[in-house]
Amino acid sequence: MKKIIYLDHAATTPVLPEVFEAMKPYFMESYGNPSPIYSLAGEAKGAVEEAREKLAGLIGARPGEIYFTAGGSESDNWALKAVAEAYAAKGKHIITTAIEHHAVLHTCQYLEKQGCEITYLKVDEDGLIDLGELEAAIRPDTVLISVMAANNEIGTIEPIEEIGRIAKAHGVLFHTDAVQAFGHIPLDVERMHIDLLSASGHKLNGPKGVGLLYVRKGVKLGSFIHGGAQERGRRAGTENVPGIVGFGKAAQIAGERMEERMAEQTALRDYLIGRVLAEIPYTRLNGSRTRRLPGNANFSFQFIEGESLLILLDQQGICASSGSACTSGSLDPSHVLMAIGLPHEIAHGSLRLTFSEETAREDIDFTVEQVKQSVERLRGMSPLYEDFVKQNGRQPEGV
Amino acid sequence: MYSEKVMDHFMHPRNVGEIENPSGVGTVGNAKCGDIMRMYLDIDENGVIQEAKFKTFGCGAAVATSSMATELVKGKTVQEALEVTNKAVMEALDGLPPVKVHCSLLAEEAIHAALWDYAKKNGLQIEGLKEPVEDIEERIEEEQ
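Sequence order for the protein chains is U and L. Mapped onto my numbering, the consecutive letters of the first sequence carry residue numbers 5 to 403. Mapped onto my numbering, the consecutive letters of the second sequence carry residue numbers 37 to 180.
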């Protein structure tokens with residue numbers, strides 16, 4: 005079998021062996037529903053509470069402020085819709101950004117139909133919001149600021165602490181979609197003045213189908229899923245016990261290894277970015293050079309289209325992703341790449357490589373070689389490149 | 037998601053390249069939606085397509101439909117080439133995913149654009165040939 009080089013960790017990650025081991029007993033042995041009184045239930049309940057403590061510890065929260073959900077999208081939906089409802093008497097204005105994940109953006113569009121007013125902050129070419137613009141957008145009827153901690157496509161890390169400070173100073177709640185950041189970079193809900201935070205298990209080597217919403221004590225928030233009294237009456241439904249246990253274990257490991265992992269991945273990322281920019285002409289790095297997730301690199305290769313590149317890389321066992329229209333299922337390329345000001349044809353030629361501590365330097369070397377060859381091959385059949393070469397001569401210099 | 041034929045024509049595209057002094061050349065699509073196809077035709081004095089070449093900026097399906105379109109028109113007369121519709125291209129490729137059907141329309145459009153250029157250069161009227169649309173997406177939207 006051909007070796008697989010998995011470079012799509014922002015999409016999902018494999019479950020770590022230690023995480024899988026921790027989950028196993030909760031399928032067939034300690035399978036009890038956490039709610040009842042008998043001791044089998046107690047085992048499950050204990051495991052859920054232990055996971056809650058680990059997850060709270062990773063972001064400086066109290067265990068009682070962690071609510072388990074079915075994933076990042078549910079957490080985002082819950083945070084936005086429930087805040088809009090609970091604080092409707094104060095106002096109906098929400099501030100977010102143009103580069104949020106669709107779980108936030110489409111929820112905002114839904115809320116607009118329900119009568120909310122949404123301000124979508126622009127970002128600069130690195131993908132960063134302007135703090136002055138954020139502060140100026142706050143109105144007496146603003147109930148929520150929702151800004152992602154780190155972007156899933158271009159890896160840009162937003163100035164969360166400064167945003168939290170502004171939100172607090174104006175008495176506005178602050179939600180952050182931390183799905184990409186949680187367990188990857190340090191987050192502290194106290195220092196960063198975060199009132200609500202969404203995270204997901206499967207982005208940090210935990211299982212799929214489990215996430216959490218951190219809700220600061222004192223924040224009014226109604227139920228999103230109605231039913232039983234689970235999660236202190238705020239999120240009904242029998243707990244996904246194995247999932248929660250796995251999420252907790254993954255968070256514990258992520259926390260223990262974070263510093264070391266960040267240093268290693270940042271070095272590998274900068275090596276990858278350096279090689280690609282130096283060796284492939286007419287290429288740009290999307291997102292910030294420095295304020296980016298340790299495991300994220302995102303490039304645009306002029307004159308080619310991303311899906312073709314993904315297919316060629318897949319033939320070599322490399323799993324990657326692109327913001328091209330063909331991969332988004334619409335005719336428009338990624339809203340994030342458009343928001344940082346890329347022209348359509350450049351946005352279509354994007355490639356996102358997201359790696360983990362399992363990614364070796366030789367995997368990166370092999371990938372760079374394959375990207376180089378594939379880009380060259382696609383440019384050879386591109387009418388845009390043909391026109392460019394005809395206009396600029398056979399040996400164009402520089403970008 | 038793609039058929040074996042589509043993958044074959046993407047991985048091993050037929051007739052990639054340019055023709056110097058072509059009888060006709062046409063470029064269709066736009067960079068906005070991510071597909072641009074350019075088709076070159078070499079047509080002899082009897083109106084038979086001797087050679088067809090293409091260059092394409094686009095996804096796997098865009099490359100495969102271009103490749104198949106050049107294969108289908110080679111050796112055909114101008115009139116026969118007009119019958120190479122998007123459906124013919126799709127069928128020859130054992131189908132396309134629904135979101136990629138527009139690629140086959142683009143391939144048909146590229147053939148027409150190259151033939152239009154050939155007709156214009158030679159002062160010919162080709163029955164059933166309409167002036168190509170600059171922006172293929174406009175045509176698709178009209179049809180919907």
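These aren't lab readings, by the way, just hints derived from the structure by calculation. In this text, a Cβ means the ideal position worked out from N, Cα and C, and glycines have one as well. Treat the hints with care, as some may be off.
[As the list claims (entries may be wrong)] Non-contacting residues of chain L with respect to chain U, defined by C-beta distances greater than 12 Å in every case (computed):
#: 1; residue: 41
#: 2; residue: 68
#: 3; residue: 90
#: 4; residue: 97
[Stated by the list, open to error] Using 30 Å as the maximum straight-line C-alpha spacing, the simulated DSS-like pairs for lysine-lysine come out as follows:
#: 5; chain 1: U; residue 1: 126; chain 2: L; residue 2: 68
#: 6; chain 1: L; residue 1: 68; chain 2: U; residue 2: 117
#: 7; chain 1: U; residue 1: 376; chain 2: L; residue 2: 68
#: 8; chain 1: L; residue 1: 123; chain 2: U; residue 2: 394
#: 9; chain 1: L; residue 1: 41; chain 2: U; residue 2: 7
Results of checking the hints against the structure:
no. : hint           : verdict
1   : 41             : 14 Å, holds
2   : 68             : 4 Å, violated
3   : 90             : 8 Å, violated
4   : 97             : 8 Å, violated
5   : U:126 to L:68  : 21 Å, holds
6   : L:68 to U:117  : 29 Å, holds
7   : U:376 to L:68  : 24 Å, holds
8   : L:123 to U:394 : 34 Å, violated
9   : L:41 to U:7    : 25 Å, holds
Of the hints listed earlier, those the structure fails to meet are numbers 2, 3, 4, 8, in rising order.
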